[in-house]
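Starting from the known structure of chain E, fit chain Z onto it as the hints suggest.
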Amino acid sequence: MRRIYLDNNATTPVLPEVLEAMGPYFGEHFGNASSIHHHGQETRAAVEGARDSVALLLGCRAAEIVFTCGGTEGDNLAIAGLASAGDHVITSNIEHHAVLHACKHLEETGCDVTYVPVDGRGLVDPDDVRRALQPETKLISIMMANNETGVLQRVEEIGKIAAEAEVFFHTDAVQAAGKIPIDVKRIGCDALSISGHKMHAPQGVGALYVRRGTRIQPLFYGGRHERSRRAGTENVPGIVALGRAAELAMQGFERKDDEKMSLLRDRLQRGILAQVEEAGVNGDGVQRVPNTSNCYFDHIDGESMVIALDLKGLAVSTGSACSSGAIEPSHVLTAMGLSNDRARASIRFSLGKQNTAEDVDIALALIPETVARLRELSPVYKKQTVSS
Amino acid sequence: MPKPQTIAVAMSGGVDSSAVAAMLRAEGHNVIGLTMQLWNQRRLAGHEGMPEAVTGRCCSLDDVYDARRVAEHIGIPYYVVNHEERFERDVVRPFVAEYLSGRTPIPCSLCNNHLKFDQLLIVARQIGADCIATGHYARVEYDNPRQRWLLKRPADRSKDQTYFLFGLTQEQLSRTLFPLGGMTKPEVRELARKQGLALAEKPDSQEICFVPGGDYKRFIDAYLAESGDALPDTAGELVTASGEVIGEHSGIHNFTVGQRKGLGVATGSPLYVIQINGADKQVIVGGDERLYSRTLRARRVNLIAMDDLREPMRVSVKIRHRHEPAPAALEKIGADEILVTFDQPQRAVTPGQAAVFYDDDVVVGGAWIA
Chain E
1 MRRIYLDNNA
11 TTPVLPEVLE
21 AMGPYFGEHF
31 GNASSIHHHG
41 QETRAAVEGA
51 RDSVALLLGC
61 RAAEIVFTCG
71 GTEGDNLAIA
81 GLASAGDHVI
91 TSNIEHHAVL
101 HACKHLEETG
111 CDVTYVPVDG
121 RGLVDPDDVR
131 RALQPETKLI
141 SIMMANNETG
151 VLQRVEEIGK
161 IAAEAEVFFH
171 TDAVQAAGKI
181 PIDVKRIGCD
191 ALSISGHKMH
201 APQGVGALYV
211 RRGTRIQPLF
221 YGGRHERSRR
231 AGTENVPGIV
241 ALGRAAELAM
251 QGFERKDDEK
261 MSLLRDRLQR
271 GILAQVEEAG
281 VNGDGVQRVP
291 NTSNCYFDHI
301 DGESMVIALD
311 LKGLAVSTGS
321 ACSSGAIEPS
331 HVLTAMGLSN
341 DRARASIRFS
351 LGKQNTAEDV
361 DIALALIPET
371 VARLRELSPV
381 YKKQTVSS
Chain Z
1001 MPKPQTIAVA
1011 MSGGVDSSAV
1021 AAMLRAEGHN
1031 VIGLTMQLWN
1041 QRRLAGHEGM
1051 PEAVTGRCCS
1061 LDDVYDARRV
1071 AEHIGIPYYV
1081 VNHEERFERD
1091 VVRPFVAEYL
1101 SGRTPIPCSL
1111 CNNHLKFDQL
1121 LIVARQIGAD
1131 CIATGHYARV
1141 EYDNPRQRWL
1151 LKRPADRSKD
1161 QTYFLFGLTQ
1171 EQLSRTLFPL
1181 GGMTKPEVRE
1191 LARKQGLALA
1201 EKPDSQEICF
1211 VPGGDYKRFI
1221 DAYLAESGDA
1231 LPDTAGELVT
1241 ASGEVIGEHS
1251 GIHNFTVGQR
1261 KGLGVATGSP
1271 LYVIQINGAD
1281 KQVIVGGDER
1291 LYSRTLRARR
1301 VNLIAMDDLR
1311 EPMRVSVKIR
1321 HRHEPAPAAL
1331 EKIGADEILV
1341 TFDQPQRAVT
1351 PGQAAVFYDD
1361 DVVVGGAWIA
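Top line first, the protein sequences correspond to chains E and Z.
Each residue of the first sequence is one higher than the one before, counting from 1 in our numbering.
Each residue of the second sequence is one higher than the one before, counting from 1001 in our numbering.
Chain E on its own, in the form it takes in the complex:
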């Protein structure tokens, strides 16, 4: 069975060039980047080279990059590191759990948190953010691109609001990095988190941009790594990989790979809408990252759809998995005002650099027949068809 992977917002395959770049740092160049001898100097050079590449990707200085173990750590470091008891924090109700649960924890430790809503397209209204400001507001954390819908928030406007109010602005750019160009100066953020494995580097590495001069409280205590912002021996192979993935992403933007990705995504989306009745796109009509399409197929159970497609070799996803691996209704889609039924009937397709037009065509051959079987065997669908 040929397997097609369209779940790149969950994780991406490591690109061959990235694997090649990181390989020597498992064996030949094994030194601790903090060591003063030759071995340490080799790996220190590699880490700093990677830092330059990531800084170029984000439009910042190398010293403003803190390497982390991934997106969740970056989000937690930004939130717990910039706000503390007594502060007020503004975030949205469609954030990734790394942000939402970090904010819930802040609430337990004496912070006040405002969760601004989104409209039916999944957009935060920057005026809502402005209206939520209080004298105690210390931090605004609004994501750049949503992981489920791909919808891009108006982060530059939110950055201006934060600057005027003199509060910190953090954005979770995990689903944007590598997919669209990012410039922290234009966004006007004080912190921005990215994750390696969402951009074809391996799992276990990420980075947090922290604007120069921003005092951030570390999460861990230990050595003075990462300018005392993140203790712990550097994950050198991972960092090298992230640096290489950043370079490849920038080369991709020069070749307009993002536009090509967008065409491929639109081909998938158009094909679905042309072949399947009572289907639509969540987050349609607003700017999205070029690789994501979240579609609903009314009268189906997304969980069954994901399983049925997986058994046919097509990997997609829905909602977010809870600890047992079962699917919970998406907080993002319900926040957008979707009914529980439609939220449950929604599937996320997300492309990666490795996907081809052929992959999309194979997916398009599988999706309509799968939806048809699900609907045919759904007791709810039958009832509705009879009554209408």
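Mixed in with the good hints there might be a few duds.
To be verified - When the alpha-carbon atoms are kept at most 25 Å apart in a straight line, the in silico SDA-like pairs for lysine to any residue are as follows:
| hint | chain 1 | residue 1 | chain 2 | residue 2 |
| --- | --- | --- | --- | --- |
| 1 | E | Lys353 | E | Gly252 |
| 2 | E | Lys138 | E | Pro117 |
| 3 | E | Lys312 | Z | Glu1072 |
| 4 | E | Lys312 | Z | Gly1128 |
| 5 | E | Lys312 | Z | Asp1130 |
| 6 | E | Lys104 | Z | Arg1042 |
| 7 | E | Lys312 | Z | Glu1027 |
| 8 | E | Lys353 | E | Asp284 |
| 9 | Z | Lys1194 | Z | Gly1028 |
| 10 | Z | Lys1003 | E | Leu311 |
| 11 | E | Lys312 | Z | Arg1069 |
| 12 | E | Lys312 | Z | Gly1028 |
| 13 | E | Lys104 | Z | Glu1084 |
| 14 | Z | Lys1261 | Z | Glu1098 |
| 15 | Z | Lys1202 | Z | Arg1042 |
| 16 | E | Lys312 | E | Ala365 |
| 17 | E | Lys353 | E | Glu20 |
To be verified - Using C-beta positions, here's what the derived DEER-type ranges look like:
| hint | chain 1 | residue 1 | chain 2 | residue 2 | range |
| --- | --- | --- | --- | --- | --- |
| 18 | Z | Arg1089 | E | Pro117 | 22 to 32 Å |
| 19 | Z | Lys1003 | E | Arg3 | 19 to 29 Å |
| 20 | Z | Ala1045 | E | Glu136 | 26 to 36 Å |
| 21 | Z | Asp1130 | E | Ala357 | 27 to 37 Å |
| 22 | E | Gly110 | Z | Gly1278 | 42 to 52 Å |
By construction, these hints were calculated from the structure, which means they are not laboratory data.
On a predicted model such as this, the values are computed, not experimentally measured, just so you know.
Cβ coordinates follow ideal geometry from the N, Cα and C atoms, glycine included.
Frame of chain E; chain Z shown alone:
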């Protein structure tokens, strides 16, 4: 060798369903493992009287882990499907409501009827399976003369689970396999060992899966508190069969017919709960001899071995899980109501439990005791 089929196995993480998956896989079928996520064990944790954290129970992460490891070991795809909402609606809420109205429910039958052989079977068919298989000890066979699917008692009578399966329809039975129906439990464990399953020695589960420690009273309190509902006042009087009030009780949901302990009154001879009168919140007590009844009425009838009960029939009737089926006559007395007349009076006929009718080892059908 039967023709290979695509079979979804309902895997609980226990020995029985794991053995089923391994056996069907070894027979060359295309097997898909499914575990139903039915109840969040952490949900009521920390409520008054409830344990902080529960492990090693149905739907716990440990069981999902065990099921997943079995699936990996035998090389089948495996998925957890979330049916929490449906389980709460069709099993947990009725369970609580039954107790609060003075009846003694059987959640396992409700789960079989509404979840395993309904919702899960639908999912199984949707994802391309021809049928589902479970680790129940029961047999299902097609009977040509009757042109019906029959549910039969298993080879291992000590593990017989047909009592909980009487609600299955012909459509459900036609798409269900019980591969353990011809085996004994020791044989199943041996099969699990031979298949190299790490959980071959895992103990059997006994309790109601969503009630930690088996204390359903605390569960009801915690569930209602969590839902924001106050526990309805179900306290009332303890009354003898002749109508004499001999004390007070804390709530009808704390009692079940036949119960002796916990009545809170001291009398010369042992007293038992004879009847629970939900409308008046009365618990009627009396001597052991008053627990016996010759007849019972049951509603919401499901017949398996025949499409209708046109004339009275001789059967054996089981009125609770651990009850030896007793000879009786079965008679239809309403559109959806049946009268059972036992040859010998039976002890503690309990409203809310099922009456399941057997003709030798064939399950004729069953109904809910009114």
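These are the hints, each one checked on the structure:
1. Lys353/E x Gly252/E: Since the Cα atoms of Lys353/E and Gly252/E sit roughly 9 Å apart, the hinted pair holds (cutoff 25 Å).
2. Lys138/E x Pro117/E: 19 Å, holds
3. Lys312/E x Glu1072/Z: It holds: about 19 Å lies between the C-alpha atoms, which stays within 25 Å.
4. Lys312/E x Gly1128/Z: Given pair Lys312/E, Gly1128/Z holds - Cα atoms ~10 Å apart, limit 25 Å.
5. Lys312/E x Asp1130/Z: 15 Å, holds
6. Lys104/E x Arg1042/Z: 18 Å, holds
7. Lys312/E x Glu1027/Z: 22 Å, holds
8. Lys353/E x Asp284/E: Given that 25 Å is the threshold and the Cα spacing comes to 23 Å, the pair holds.
9. Lys1194/Z x Gly1028/Z: 17 Å, holds
10. Lys1003/Z x Leu311/E: 20 Å, holds
11. Lys312/E x Arg1069/Z: 22 Å, holds
12. Lys312/E x Gly1028/Z: This hinted pair holds, its Cα atoms lying about 19 Å apart.
13. Lys104/E x Glu1084/Z: 24 Å, holds
14. Lys1261/Z x Glu1098/Z: 21 Å, holds
15. Lys1202/Z x Arg1042/Z: Given pair Lys1202/Z, Arg1042/Z holds - Cα atoms ~23 Å apart, limit 25 Å.
16. Lys312/E x Ala365/E: 11 Å, holds
17. Lys353/E x Glu20/E: 17 Å, holds
18. Arg1089/Z x Pro117/E: 22 to 32 Å: 28 Å, holds
19. Lys1003/Z x Arg3/E: 19 to 29 Å: 27 Å, holds
20. Ala1045/Z x Glu136/E: 26 to 36 Å: 34 Å, holds
21. Asp1130/Z x Ala357/E: 27 to 37 Å: The hint (27 to 37 Å, Cβ to Cβ) holds, given that Asp1130/Z and Ala357/E are roughly 35 Å apart.
22. Gly110/E x Gly1278/Z: 42 to 52 Å: 48 Å, holds
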